[in-house]
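A.B. asks: Start from the sequences, fold in the hints, and give me the full structure.
Chain by chain, the residues run as shown.
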Amino acid sequence: MSKKIKRRQFLAGLAAAPAVGVAASATKAIAQTAPAPGSAIPPVPMTDRLLNDMPPQTIGKTGSDFMVDIMRSLNIEYIASCPGSTFRGIHESIINYGENKTPEFITTLHEDTAAAMCHGYYKVAKKPMACMVHGTVGLQHASMAIYNAFADRVPMLVLSGSIANPVTRQAYIEWNHAAQDQAAIVRDITKYDDQPTSLQAFAESMVRSYEIMNTAPMAPVLITADGDLQEDPIPPEVEKKLRIPQLKRSSQPAGDLVAVREAAKMLIAAENPVIYTNRYGRTEAAPGLLIQLAELIGAPVVDQHNRMNMPNRHPLNHSYRREAVLQPADLILALEPIDLFGLNNYVPDLVSRPNDPRRRNPNLKIIHIGTEGMLAKSNFQDFQRFVPSDLHIAGDAEATVPSLIEELKRQMSAADKSRCDGRCAKVKDVGAKQLEQWRQEAVYQWDAKPITSARLMMELWDQIKNEDWMMPTETQFLSDWPYKLWDINKPHQTMGGSGAQGIGYNTPAALGAALANKGKGRTTVAIVGDGDFNMAPGVLWTAAHHKIPILYIVHNNRSYHQEVMMILRMASRRQRVNHKNVYVGTLIDNPAPDYTKIAQGYGLFAEKAVLEPSELAGSIRRALDVVRRGEPALIDVVSDGR
Amino acid sequence: MRSLILGFAIAAAFGGAAFAQGAPKGDPKVGLADYQKYGCYSCHGIVGQGTLRDGPRLNAAALGYPALLQQLRTPRYEMPAYTAVQISDQQVADIFAYLASIPKPPDPKTIKLLQ
Numbered sequence: 198m199s200k201k202i203k204r205r206q207f208l209a210g211l212a213a214a215p216a217v218g219v220a221a222s223a224t225k226a227i228a229q230t231a232p233a234p235g236s237a238i239p240p241v242p243m244t245d246r247l248l249n250d251m252p253p254q255t256i257g258k259t260g261s262d263f264m265v266d267i268m269r270s271l272n273i274e275y276i277a278s279c280p281g282s283t284f285r286g287i288h289e290s291i292i293n294y295g296e297n298k299t300p301e302f303i304t305t306l307h308e309d310t311a312a313a314m315c316h317g318y319y320k321v322a323k324k325p326m327a328c329m330v331h332g333t334v335g336l337q338h339a340s341m342a343i344y345n346a347f348a349d350r351v352p353m354l355v356l357s358g359s360i361a362n363p364v365t366r367q368a369y370i371e372w373n374h375a376a377q378d379q380a381a382i383v384r385d386i387t388k389y390d391d392q393p394t395s396l397q398a399f400a401e402s403m404v405r406s407y408e409i410m411n412t413a414p415m416a417p418v419l420i421t422a423d424g425d426l427q428e429d430p431i432p433p434e435v436e437k438k439l440r441i442p443q444l445k446r447s448s449q450p451a452g453d454l455v456a457v458r459e460a461a462k463m464l465i466a467a468e469n470p471v472i473y474t475n476r477y478g479r480t481e482a483a484p485g486l487l488i489q490l491a492e493l494i495g496a497p498v499v500d501q502h503n504r505m506n507m508p509n510r511h512p513l514n515h516s517y518r519r520e521a522v523l524q525p526a527d528l529i530l531a532l533e534p535i536d537l538f539g540l541n542n543y544v545p546d547l548v549s550r551p552n553d554p555r556r557r558n559p560n561l562k563i564i565h566i567g568t569e570g571m572l573a574k575s576n577f578q579d580f581q582r583f584v585p586s587d588l589h590i591a592g593d594a595e596a597t598v599p600s601l602i603e604e605l606k607r608q609m610s611a612a613d614k615s616r617c618d619g620r621c622a623k624v625k626d627v628g629a630k631q632l633e634q635w636r637q638e639a640v641y642q643w644d645a646k647p648i649t650s651a652r653l654m655m656e657l658w659d660q661i662k663n664e665d666w667m668m669p670t671e672t673q674f675l676s677d678w679p680y681k682l683w684d685i686n687k688p689h690q691t692m693g694g695s696g697a698q699g700i701g702y703n704t705p706a707a708l709g710a711a712l713a714n715k716g717k718g719r720t721t722v723a724i725v726g727d728g729d730f731n732m733a734p735g736v737l738w739t740a741a742h743h744k745i746p747i748l749y750i751v752h753n754n755r756s757y758h759q760e761v762m763m764i765l766r767m768a769s770r771r772q773r774v775n776h777k778n779v780y781v782g783t784l785i786d787n788p789a790p791d792y793t794k795i796a797q798g799y800g801l802f803a804e805k806a807v808l809e810p811s812e813l814a815g816s817i818r819r820a821l822d823v824v825r826r827g828e829p830a831l832i833d834v835v836s837d838g839r
Numbered sequence: 673m674r675s676l677i678l679g680f681a682i683a684a685a686f687g688g689a690a691f692a693q694g695a696p697k698g699d700p701k702v703g704l705a706d707y708q709k710y711g712c713y714s715c716h717g718i719v720g721q722g723t724l725r726d727g728p729r730l731n732a733a734a735l736g737y738p739a740l741l742q743q744l745r746t747p748r749y750e751m752p753a754y755t756a757v758q759i760s761d762q763q764v765a766d767i768f769a770y771l772a773s774i775p776k777p778p779d780p781k782t783i784k785l786l787q
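Protein chains in written order, with the numbering used here: chain S, 198 to 839; chain H, 673 to 787.
Possibly wrong hints are sitting among the right ones.
Residues from chain S shown here face chain H by an in silico Cβ test under 7 Å; the list is partial [claimed, not checked]:
{"#": "1", "residue": "Pro-433"}
{"#": "2", "residue": "Asp-546"}
{"#": "3", "residue": "Tyr-641"}
{"#": "4", "residue": "Gln-642"}
{"#": "5", "residue": "Met-655"}
{"#": "6", "residue": "Asp-659"}
{"#": "7", "residue": "Ser-676"}
{"#": "8", "residue": "Asp-677"}
{"#": "9", "residue": "Val-761"}
{"#": "10", "residue": "Met-762"}
{"#": "11", "residue": "Met-763"}
{"#": "12", "residue": "Arg-766"}
{"#": "13", "residue": "Asp-837"}
{"#": "14", "residue": "Gly-838"}
Simulated from the structure, these hints should not be mistaken for laboratory data.
Backbone N, C-alpha and C fix where the C-beta goes; we use that ideal spot for every residue, glycine too.
C.D. replies: So, in structure tokens, the structure goes:
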């Protein structure tokens with residue numbers, strides 16, 4: 198037989214052989230090898246004999262080796278994965294052919310963790326990471342994290358495997374893990390998907406997908422690598438012709454210049470403009486550009502923090518005076534907004550769910566600069582309720598702001614500039630007083646037990662404020678104290694939220710961020726809820742195994758606290774008075790999980806749970822000492838609800 | 673911030689009423705137990721400090737007794753109602769006594785971590 202026999206085809210050929218002939222040969226074979234009466238040697242089963250007759254496997258470049266070449270050409274530094282047989286070819290090529298470098302295999306204990314790490318990694322590194330997920334089942338596991346990233350407009354490369362040819366699938370398992378169109382599982386929440394049928398097509402599809410996912414509006418992409426394509430050797434005549442297209446980065450789509458001129462005219466004419474941002478900050482240049490714009494037109498900024506958009510202590514940052522600045526506004530400049538309807542309306546959680554428009558200037562105009570409309574799919578409703586704007590500029594807001602600034606400078610007269618400067622000074626004067634107001638609020642809970650969020654956040658702040666730090670986790674369940682009292686002034690210090698509020702994002706995404714921070718001398722501190730943490734605690738093992746320094750603080754309110762409030766609301770609405778039952782299905786207690794033991798079990802430094810506010814400082818200090826030495830640590834803080 | 677504005681709005685609506693007017697004598701210890709049992713802490717915080725999105729501050733004389741009773745019985749905005757079937761006037765008085773017993777906060781200037 199040719200030494201270049203393909204193993205699957207060989208076995209498939211055998212399987213397809215006429216049954217009678219095979220049976221007759223088998224009978225003869227068994228007959229030939231049957232032991233003599235009284236002999237102790239057992240008969241050799243036919244299958245073993247056939248395998249023993251197989252020629253040696255090909256040693257040469259395989260399809261998956263070429264797939265690693267492609268990933269290397271795209272500078273994919275890490276690939277997170279929980280291993281699976283549908284991509285065993287790529288896995289082996291990464292660790293042996295590729296010597297586990299670019300990409301380096303990051304082992305996770307769940308595919309959701311792998312995908313969520315990619316989400317967090319991108320938001321710090323500003324380049325995509327890959328995850329590899331098992332065909333059908335692994336992709337389903339990963340799908341929540343993929344949805345979060347889609348809703349958050351963050352790119353990631355999802356690789357999966359499948360055996361396209363039914364004739365070459367091994368019985369049972371490979372059928373369960375194969376699908377004709379497995380991308381259908383996630384097509385509504387990815388920007389592009391493909392299942393290439395040749396290696397050249399694979400190369401072109403990977404480079405295309407890299408360009409697509411990295412162009413705003415960004416989002417995950419899925420490439421399914423056929424098992425045979427991975428595992429088969431590359432015939433020499435094919436190998437000579439293989440080419441990996443050179444990656445050429447696209448520029449980001451920017452707003453049309455005619456529309457930008459109109460926007461500048463409207464902004465100059467406005468008496469009370471407000472800038473509203475949400476998913477605006479894409480690069481490290483974003484905050485500086487936004488400050489320049491806001492100061493030029495003297496506008497307060499309402500920031501909803503889904504990126505690091507603006508330093509929190511800048512006196513034009515009025516995020517927590519939202520209604521005070523929006524009510525008199527006659528123009529809102531919305532930069533990559535997510536929910537314009539929610540900005541100006543409210544649907545209270547009452548039985549009738551009335552639409553309650555907030556008090557706004559009847560002459561209010563809206564300029565909307567963003568990319569949301571460029572990637573809207575109707576199934577998942579993350580696109581929010583429609584609000585018409587007076588001027589809609591389709592384009593990446595950060596890419597458009599420089600031309601808007603230039604246009605404002607060009608159109609502004611001296612009188613306009615003087616008016617805007619005067620307004621700017623007044624707005625700054627009000628903004629500068631906010632910090633003092635928040636300090637007054639924080640003291641109302643300072644020494645309370647269980648430990649309150651303000652106390653926890655300020656004890657932590659005291660120990661990281663003088664170093665290079667990053668907090669990759671959401672803060673709305675901590676009453677946003679970091680945004681009120683910390684000094685967040687560098688683009689990498691925060692990274693916004695999950696996108697779709699799928700619980701279980703924070704713990705693994707924080708680790709992805711920490712991976713991007715590794716080696717930069719930056720301290721990553723992640724405050725995660727106990728509900729979030731329990732979704733995939735195996736994240737801790739990945740942190741320990743790959744020596745990724747990160748401090749996890751479990752904000753342990755021993756419940757799915759949001760749902761405690763929801764069930765209270767339901768019980769009260771229905772006048773059902775058994776308040777004990779509120780905790781059925783919402784409490785994470787009895788027994789209370791011991792996060793210290795869990796962390797230690799996964800190889801992290803962890804001390805006993807912190808119950809007293811006075812214990813926080815020492816506990817945080819000892820844990821940070823470990824993190825600064827390059828290892829992960831965890832502190833369990835038994836906390837108040839919010 | 674919305675919850676803070678809400679709290680002041682409710683207090684302002686009852687601005688003319690004396691802080692403890694009409695309040696039956698209440699037991700702060702019983703009030704603390706009821707404050708937790710009926711879930712008040714979940715939106716308003718364990719010492720009535722308020723939370724960003726869910727419930728305004730109740731401690732340090734934020735709400736007088738008439739305002740508290742009215743808000744419990746016929747709440748404005750999204751707060752679930754606590755009728756007399758669920759929580760009696762005496763229990764409301766106990767909770768009021770608990771909130772009134774919470775010590776006044778220190779001056780933030782005296783807290784090093786807040787500077």
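A.B. asks: It remains to establish, for every hint, whether it holds in the given structure.
C.D. replies: Status of each hint after checking the structure:
no.: 1; hint: Pro-433; verdict: 64 Å, violated
no.: 2; hint: Asp-546; verdict: 5 Å, holds
no.: 3; hint: Tyr-641; verdict: 4 Å, holds
no.: 4; hint: Gln-642; verdict: 4 Å, holds
no.: 5; hint: Met-655; verdict: 4 Å, holds
no.: 6; hint: Asp-659; verdict: 5 Å, holds
no.: 7; hint: Ser-676; verdict: 4 Å, holds
no.: 8; hint: Asp-677; verdict: 5 Å, holds
no.: 9; hint: Val-761; verdict: 5 Å, holds
no.: 10; hint: Met-762; verdict: 5 Å, holds
no.: 11; hint: Met-763; verdict: 10 Å, violated
no.: 12; hint: Arg-766; verdict: 5 Å, holds
no.: 13; hint: Asp-837; verdict: 5 Å, holds
no.: 14; hint: Gly-838; verdict: 5 Å, holds
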